[in-house]
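**Student:** One line per chain: the protein sequences are A and B, in this order. Take 23 as the starting number for the first sequence in our numbering and just add one per residue. Take 9 as the starting number for the second sequence in our numbering and just add one per residue.
It should be emphasised that the hints constitute simulated quantities derived from the structure, not laboratory data. One or more hints might be untrue.
As the list claims (entries may be wrong) - Below, in silico cross-link-like pairs of lysine to any residue (SDA-like), each with a Cα-Cα straight-line distance of 20 Å or less:
| # | chain 1 | residue 1 | chain 2 | residue 2 |
| --- | --- | --- | --- | --- |
| 1 | A | 64 | B | 45 |
| 2 | A | 64 | B | 17 |
| 3 | A | 23 | B | 52 |
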Amino acid sequence: KQEVTQIPAALSVPEGENLVLNCSFTDSAIYNLQWFRQDPGKGLTSLLLIQSSQREQTSGRLNASLDKSSGRSTLYIAASQPGDSATYLCAVSTPKAGNNRKLIWGLGTSLAVNP
Amino acid sequence: GAGVSQSPRYKVAKRGQDVALRCDPISGHVSLFWYQQALGQGPEFLTYFQNEAQLDKSGLPSDRFFAERPEGSVSTLKIQRTQQEDSAVYLCASSLRVGQGANTEAFFGQGTRLTVV
Numbered sequence: 023k024q025e026v027t028q029i030p031a032a033l034s035v036p037e038g039e040n041l042v043l044n045c046s047f048t049d050s051a052i053y054n055l056q057w058f059r060q061d062p063g064k065g066l067t068s069l070l071l072i073q074s075s076q077r078e079q080t081s082g083r084l085n086a087s088l089d090k091s092s093g094r095s096t097l098y099i100a101a102s103q104p105g106d107s108a109t110y111l112c113a114v115s116t117p118k119a120g121n122n123r124k125l126i127w128g129l130g131t132s133l134a135v136n137p
Numbered sequence: 009g010a011g012v013s014q015s016p017r018y019k020v021a022k023r024g025q026d027v028a029l030r031c032d033p034i035s036g037h038v039s040l041f042w043y044q045q046a047l048g049q050g051p052e053f054l055t056y057f058q059n060e061a062q063l064d065k066s067g068l069p070s071d072r073f074f075a076e077r078p079e080g081s082v083s084t085l086k087i088q089r090t091q092q093e094d095s096a097v098y099l100c101a102s103s104l105r106v107g108q109g110a111n112t113e114a115f116f117g118q119g120t121r122l123t124v125v
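Just chain A, same shape as in the assembly:
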């Protein structure tokens, strides 16, 4: 059974720091891994999608890497800003009989960037 773990659960940093958020998964047979951002009381915003054949994806100050064989992904946030404060969730899309590609989720990392 696929399980996704995110470390740390919470992180508080001063503005300007470079950050590393970690995501690990137990079954390396994934189709893709997606990082999301969730602001309090709001829905999920997709940040980056990494296909299983890819090693990394970049979008602005965000960079996500994927090491499928070791079951790990890392989200790097460069030069953090107070507006980056949110909960960051990772989710993997996993093969399943019946053509379902549901996402399996971690519990998230709650990030606070202090001005």
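Using the hints, position chain B against chain A.
**Tutor:** Chain B in isolation, oriented as in the chain A frame:
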């Protein structure tokens, strides 16, 4: 529309009341998912549609939960005889396709926050 739209954004229901939550996916998206997110938790899968076919409903917590997507676009999640434990945010997501490769990214709506009192 430009994104996934869910309505209502907030719903307060009295225990025992029936509720219906609506999801408008991105136009043309084949796949539609419903997730339930309790406070402080990650989303939990409820059900999955490919066009109008409900291919997986293994995550529905009880027979009080029912979902449909009759024309392969708009979907409705219905909860009958609501209980306090049903209080959560209900998230809808759509993707153009599933599996490997391009166009598999899942896009989420803002969610419906259901509070059962």
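**Student:** Determine for every hint whether it applies to the structure shown.
**Tutor:** Now the hints, each set against the structure:
1. A/64 / B/45: holds (11 Å)
2. A/64 / B/17: It holds: about 9 Å lies between the C-alpha atoms, which stays within 20 Å.
3. A/23 / B/52: Status holds; Cα separation ~14 Å.
Consistency with the previously given hints is maintained throughout, with no hint failing.
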